[in-house]
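Undergrad: Sequences listed follow chains X and L, in order. Throughout the first sequence, residue numbering follows my numbering, covering 16 to 232 in sequence. Throughout the second sequence, residue numbering follows my numbering, covering 137 to 346 in sequence.
Some hints could be false.
[To be verified] Here are the simulated distance ranges between beta carbons:
id, chain 1, residue 1, chain 2, residue 2, range
1, X, 102, L, 157, 25 to 31 angstroms
2, X, 102, L, 263, 22 to 28 angstroms
3, X, 35, L, 298, 29 to 35 angstroms
4, L, 160, X, 104, 31 to 37 angstroms
5, X, 56, L, 157, 53 to 59 angstroms
Source of the hints: derived by calculation from the structure; they are not laboratory data. Beta carbons: idealized from backbone N, C-alpha and C, even for Gly.
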Amino acid sequence: MSAFLAMLQRELRLALRGGGDVLTLMLFFVIVGAIVPFAVGPDQTLLASIAPGIVWIAAFLAMLLGLERLFRPDHEDGSLILLRHAELPLSAAITAKLIAHWLVTALPLLLASPILALLLAMDLASFWRTLISLSLGTPALAAFGAIGAAVTVPIRHGGLIAPILIAPLSVPVLIFGVGAITSPQSGAAALFLAALSLMAVALAPFVAAFAIRSAED
Amino acid sequence: MTDQQVYPPIHLRATGLSCGRGGMLLTDQLDFSLRNGQTLLLRGPNGAGKSTLLLTLAGIIAPFSGRFGSPDAGAELPLLHYCGHRNASKPRLSVRENLTFWAKVNGPTGMTPQAALDQVGLGDLDGLDAGYLSAGQSRRLALARLLVSLRPLWLLDEPTAALDEPGHQLVTRLLANHLARGGLAIAATHDPISLPDPSSLSTLLLAGAP
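Model the full structure from these sequences, guided by the hints.
TA: See the structure below:
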């Protein structure tokens, strides 16, 4: 357990001492949402009706942006080889990375979402549903992202391939994520989203560990 | 040395081991054997496949043919420390945080991080951001990682790279201590290494691509 916590602590320290990485992601999320009113015009009712979709697209793009730092730095400085030989199982190390990744990429988005809700003229009820939907769905995005990042880590400049790889996996998350905000059966959509996240988070560390182990350095 | 033998009897043998990179065969049909307290030095010109062989022994690259491990069927490879070209030290974490992390993740079975840092001569820099270390100092930090967790097999790739003269002696001293505890080591190096007990040293010359 102390090895797992050490891994988690290391990841959080690296991210939080990273000189504004977390803030950059938050700003990116807000800016993606903020340019939409300029593109589609200041029609309040139209904006409010497409707002859930925009929030989810912004969250999806912001989380793609953070993927690159999940395994790439460890691959480049040789830490990944050593983690394969660590006493802590690689899948446990990846679970710790995944938790840290969610805490430094998804949690800031949740904190920044009120700004976006304001910019997109969301009412309070749909804002709360958006918050719930984002917190239920982002773990799945992080987990699929971890798989994509692990598969592409041996490829030089694989950072551009990972998003293409995980976009199809993320489609259900977006469908049910937006459904949990707008659909009349939003409760059922939220439950499905939660199930998707639980399954993805439970399986992703093993899949990612397998991908890293089978990659030749 | 005051350390007594701490590792169980280990016998490792490579039989018909061929390895290479990117489809190119580098080392063909190697056979060697290694027991407690012995070091195998890998020598050979640049590109002879020393690093590739070490990565293969560490299980990172699959061999083309042959096997490496205990001659007893079913026995697993003992725990090993791999120390490659890259030092795996993280900038933005202090020297001590780097080492404490590896101690916890690999199991804190060896020295305390502070004792290990003192041993490799970084005792006064424990609070410094590891990103500011020189090449030689990062290498010393990487060597300290071998000390905080006790593992019987060391795979060292150019352990003396970037190290100064006292650093070379440090590597020799660490290696001698490790062997005295009953450890095994396989090291690729261009530098002469003189151990107190020369009989524990054997050399494998790699010729390079045939």
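Undergrad: Taking the earlier hints as the rules, which of them does this structure contradict?
TA: Violated hints: none at all, because every hint is consistent with the structure.
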